[in-house]
Amino acid sequence: MSDEPAVRPADRRARRNVSLALAVFVVAAIGSFAQLQVAQQRVTQPEPLGELAYYPSGAWLQQAALGEATAWSDLMWLRGVQYYGHRRQVDNVFTHMAHVFDIITSLDPAFRSAYVFGGTSLCQEGKQFDAGVRLLEKGMHLNPGEWIYPFQLGFVHYVGKRNLTRATFDFAQAARQPGAPAYCERFAAWSGQRAGYEAVAFELWRHVAETTDNAVLRDKAIEYLRRLVKGSDQAKNLEAWAKALPPLEGGLPGAPAPGAEVTPEAKAQDEPAPLDATRDTRKVSSRVRAGRAS
Amino acid sequence: MNAILAVARGTFREAVRDRVLFLVLVFGGAVLVLSRVISPIALGEGPRITVDLGLSALGLIGIAIVVLVGTQLVHKEIERRTIHVVLSRPLSRAQYLIGKWAGLTATMATAVAAMTVILVAVGVSVRGPAIIGPIVQAAFMIACANAVLAALAVLFSSLSTPVLSVLYTLGLYATGYWTNDLRDFAAQMPGFAGDAMRFVSYVIPNLELFNLRSQVAHTEGTTLLHLALGIGYAATYTAAALSLAVVAFEQRELK
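Sequence order for the protein chains is B and Z. Each number in my numbering comes from the position in the first sequence (counting from 1) with 422 added on. Each number in my numbering comes from the position in the second sequence (counting from 1) with 22 added on.
Keep in mind that the hints were calculated from the coordinates and are not lab data. Among these hints, one or two may not hold up.
[Stated by the list, open to error] Here chain B is said to cover these stretches of chain Z; the calculated rule only asks that three of the stretch's residues, wherever they fall, bring their Cβ under 8 Å from a Cβ of chain B:
| hint | stretch |
| --- | --- |
| 1 | 66-73 |
| 2 | 196-207 |
| 3 | 225-239 |
In this text, a Cβ means the ideal position worked out from N, Cα and C, and glycines have one as well.
Could you build all of it, start to finish, from the sequences and the hints given here?
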């Protein structure tokens, strides 16, 4: 006779049930994983972030946010940045970007980065100049007294459309706002005096690179600066100056890593508008001439 | 006063025993960690997102405590019949209800205060000391708003079942942010409909008065007058809601 206590039938049944349940779990988990793999390969995937087109207006969302409009604007900002990064990687066509940034700024009408980044990106690589201007004008309308919005309007009119008259007006308006930095007046004067287009454009992009908190906007500014000094003896100094800029946190989700392959369509679309035929790179910034960041 | 404090202490202890505060802190900590994780993809807006989402988590945790704990407070004791034991002591029904509200509010306020300390520490590390004032002000106003909702939860709990109490409290929480819009609608409506809607807009708690999240996002505080009006409104609204709860509870026959 064995010393081991006899196992009760109820305990035996319970153990059998547990073993059976574990076996079913393993089979079901493997089955669901395998089906998901097949589905991802065979089933047509919806356009990534295509749902952005169906987002209701920001004014409606503000009511639905139940006091959490600011947090929703943050989440929408992350979604907008994700969309921007994805489209930049694929084809540089930003169909829903104006809508997304309109929602963000309706949820938080004082979200400065959304106006600045959204407005600049729409006007430049988005090739939706009117939408970008509308976004910046919305910022100006909802935040009267803030110098940054008229300044950015002047910026996009200057570098995007070369509309010096309008740019002069906007820079001057920015200079009149309380707390406006001295360079607003300086840009208004340069623009008004029709100073060399490229020299002023250079100063504007340098200003963006030195003041923005946005890593993508800074990269964009440096890229434009490179194009402005291409072929001149300032190119080397520009690289030294760019390296000396303090590092910024983060990048673009979905954007290619430095040196990675970008699709040919995106590359073709990313080419900026040709610069003025009358190149004038003599008046480059003294900081860049010296190869150091401010 | 001692009787009210005894009920409040009991309610607070029960919530702590149910690990409400522990779960709240785990959830709040997880949200803060998550918000830091996503900050590198926020294109320079990471610090803002960390503070904003932390503040939202803080508000929602307060609401969760009020709704999940508050709406069962009285009903649970009636179901278990422990209310007979409690009310057989020298304790009026009014004292019992006020004590329940005080205990619930203390639980919520403790959770909000703990989360605020964590959020301030994180906020200072990412946005500097200028954020301390706005976060503390916003958290204080959130606690005031939740105290109002706690009074409503106690009112509904003394009148109705837990499920219906949850629905009523959440309904008032949602519409509480639309009271200004209701008044705008009322201005567009002619005659009695407009008057009725205007009346409703004043009956529903105006939770937008307590909302300072947008100011915090831009590192701005509010005025002392705003804070004083918020405290005053919360105190008077809570007193009104608890008075109604006492009237209803006094009429109620406890089997």
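Status of each hint after checking the structure:
1. Using a Cβ-Cβ cut-off of 8 Å, 5 residues of the stretch 66-73 of chain Z lie near chain B, which meets the minimum of three, so the contact claim holds.
2. Closer than 8 Å: that is the beta-carbon criterion, and the stretch 196-207 of chain Z has 4 residues meeting it against chain B, so the requirement of 3 holds.
3. For the stretch 225-239 of chain Z, the stated coverage by chain B is satisfied: 7 residues place a CB nearer than 8 Å to a CB of that chain, which reaches the threshold of 3.
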